[in-house]
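**Student:** First to last, the sequence lines map onto chains W and B. The first sequence: position 88 = 81 (our numbering), numbered continuously. In short: position in the second sequence from 1, add 57, done, that's our numbering.
Misleading hints may appear alongside valid ones.
SDA-like cross-link-like pairs, simulated, lysine to any residue; straight-line CA separation at most 25 angstroms [unchecked claim]: (1) W:19 to B:106; (2) B:166 to W:7; (3) B:166 to W:2; (4) B:166 to W:34; (5) B:127 to B:64; (6) W:6 to B:99; (7) B:153 to W:102; (8) B:135 to W:33; (9) B:166 to W:21; (10) W:6 to W:91; (11) B:130 to B:116; (12) B:130 to W:57; (13) B:153 to B:79; (14) B:153 to W:2; (15) W:19 to B:100; (16) B:166 to W:9; (17) B:166 to W:66; (18) B:166 to W:81; (19) B:130 to B:100; (20) B:153 to W:88; (21) W:19 to B:108; (22) B:153 to W:103; (23) W:19 to B:99; (24) B:130 to W:37; (25) W:6 to W:89; (26) B:166 to W:45; (27) B:112 to W:102; (28) B:153 to W:6; (29) B:135 to B:62; (30) W:19 to B:127; (31) B:153 to W:34; (32) W:19 to B:89; (33) B:153 to W:89; (34) W:19 to B:109; (35) B:166 to W:57; (36) B:130 to W:51.
Ranges between beta-carbon positions, derived for each pair [claimed, not checked]: (37) B:73 to W:63: 44 to 54 angstroms; (38) W:75 to B:77: 35 to 45 angstroms; (39) W:70 to B:71: 44 to 54 angstroms; (40) W:62 to B:71: 31 to 41 angstroms.
Since the hints were made in silico from the structure, they are not lab data. Quick caveat: nothing in here was measured; it's all calculated off a predicted structure. Every residue gets a Cβ at the ideal spot worked out from N, C-alpha and C, and that includes glycine.
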Amino acid sequence: DAGVTQSPTHLIKTRGQQVTLRCSPKSGHDTVSWYQQALGQGPQFIFQYYEEEERQRGNFPDRFSGHQFPNYSSELNVNALLLGDSALYLCASSSRTGSQYFGPGTRLTVL
Amino acid sequence: AQTVTQSQPEMSVQEAETVTLSCTYDTSESNYYLFWYKQPPSRQMILVIRQEAYKQQNATENRFSVNFQKAAKSFSLKISDSQLGDTAMYFCAFMKLFTGANSKLTFGKGITLSVRP
């Protein structure tokens, strides 16, 4: 049984560019949450998707957007990248009322 | 809004000994879960243990156990028989419960645990 998977592992972009990160949830899970983790800090909640809709959103600007597909996989898009967007981006999947299980993350570096 | 505080930035323990990691939280909610996650240098966040606020009994998972003090809003993690593989950053996290819905996790800043051989 595969756990949560994320791609790519690493990504390097320049300021102003756009990026798309991908996440496939654990089998049996229908809810996907995205988190941003700065170096040495705890993860910060970006948003959560269920039934292909954004259900909750953290304190992140509209440059951060997402999508969930019918197979429950999800994408995180960030437009107009800033240096401060450099971070580890974590995806977590869960059932509707269960614990969240995390993927290995995508390390984004913005130059 | 919920807050989670981990005031110890670093701890060190000898292999095979016991260590306790502290966490306090603040909330006005009555229905919630508390979690401890482990993040080794490989960076994959791993769920260690979960505590439901409505349960009085402290959760245990093999060598890991918690001391949940609801009135004091305290949630500590005890690791028994520490192993080298326990070296990691440990995060305490809070999740409000909605009926039939998942919710966001609110994390503390984490504590770096080093297990010495």
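**Student:** Each hint should be assessed against the structure and marked as holding or not.
**Tutor:** Okay, the hints, checked on the actual structure:
{"no.": "1", "hint": "W:19 to B:106", "result": "18 angstroms, holds"}
{"no.": "2", "hint": "B:166 to W:7", "result": "28 angstroms, violated"}
{"no.": "3", "hint": "B:166 to W:2", "result": "24 angstroms, holds"}
{"no.": "4", "hint": "B:166 to W:34", "result": "5 angstroms, holds"}
{"no.": "5", "hint": "B:127 to B:64", "result": "18 angstroms, holds"}
{"no.": "6", "hint": "W:6 to B:99", "result": "22 angstroms, holds"}
{"no.": "7", "hint": "B:153 to W:102", "result": "32 angstroms, violated"}
{"no.": "8", "hint": "B:135 to W:33", "result": "22 angstroms, holds"}
{"no.": "9", "hint": "B:166 to W:21", "result": "30 angstroms, violated"}
{"no.": "10", "hint": "W:6 to W:91", "result": "35 angstroms, violated"}
{"no.": "11", "hint": "B:130 to B:116", "result": "16 angstroms, holds"}
{"no.": "12", "hint": "B:130 to W:57", "result": "33 angstroms, violated"}
{"no.": "13", "hint": "B:153 to B:79", "result": "20 angstroms, holds"}
{"no.": "14", "hint": "B:153 to W:2", "result": "30 angstroms, violated"}
{"no.": "15", "hint": "W:19 to B:100", "result": "18 angstroms, holds"}
{"no.": "16", "hint": "B:166 to W:9", "result": "29 angstroms, violated"}
{"no.": "17", "hint": "B:166 to W:66", "result": "28 angstroms, violated"}
{"no.": "18", "hint": "B:166 to W:81", "result": "15 angstroms, holds"}
{"no.": "19", "hint": "B:130 to B:100", "result": "28 angstroms, violated"}
{"no.": "20", "hint": "B:153 to W:88", "result": "15 angstroms, holds"}
{"no.": "21", "hint": "W:19 to B:108", "result": "22 angstroms, holds"}
{"no.": "22", "hint": "B:153 to W:103", "result": "33 angstroms, violated"}
{"no.": "23", "hint": "W:19 to B:99", "result": "19 angstroms, holds"}
{"no.": "24", "hint": "B:130 to W:37", "result": "21 angstroms, holds"}
{"no.": "25", "hint": "W:6 to W:89", "result": "34 angstroms, violated"}
{"no.": "26", "hint": "B:166 to W:45", "result": "31 angstroms, violated"}
{"no.": "27", "hint": "B:112 to W:102", "result": "42 angstroms, violated"}
{"no.": "28", "hint": "B:153 to W:6", "result": "35 angstroms, violated"}
{"no.": "29", "hint": "B:135 to B:62", "result": "17 angstroms, holds"}
{"no.": "30", "hint": "W:19 to B:127", "result": "31 angstroms, violated"}
{"no.": "31", "hint": "B:153 to W:34", "result": "21 angstroms, holds"}
{"no.": "32", "hint": "W:19 to B:89", "result": "23 angstroms, holds"}
{"no.": "33", "hint": "B:153 to W:89", "result": "13 angstroms, holds"}
{"no.": "34", "hint": "W:19 to B:109", "result": "22 angstroms, holds"}
{"no.": "35", "hint": "B:166 to W:57", "result": "23 angstroms, holds"}
{"no.": "36", "hint": "B:130 to W:51", "result": "24 angstroms, holds"}
{"no.": "37", "hint": "B:73 to W:63: 44 to 54 angstroms", "result": "50 angstroms, holds"}
{"no.": "38", "hint": "W:75 to B:77: 35 to 45 angstroms", "result": "40 angstroms, holds"}
{"no.": "39", "hint": "W:70 to B:71: 44 to 54 angstroms", "result": "47 angstroms, holds"}
{"no.": "40", "hint": "W:62 to B:71: 31 to 41 angstroms", "result": "48 angstroms, violated"}
Violated hints, listed in ascending order, are 2, 7, 9, 10, 12, 14, 16, 17, 19, 22, 25, 26, 27, 28, 30, 40; each of the other numbered hints is respected by the structure.
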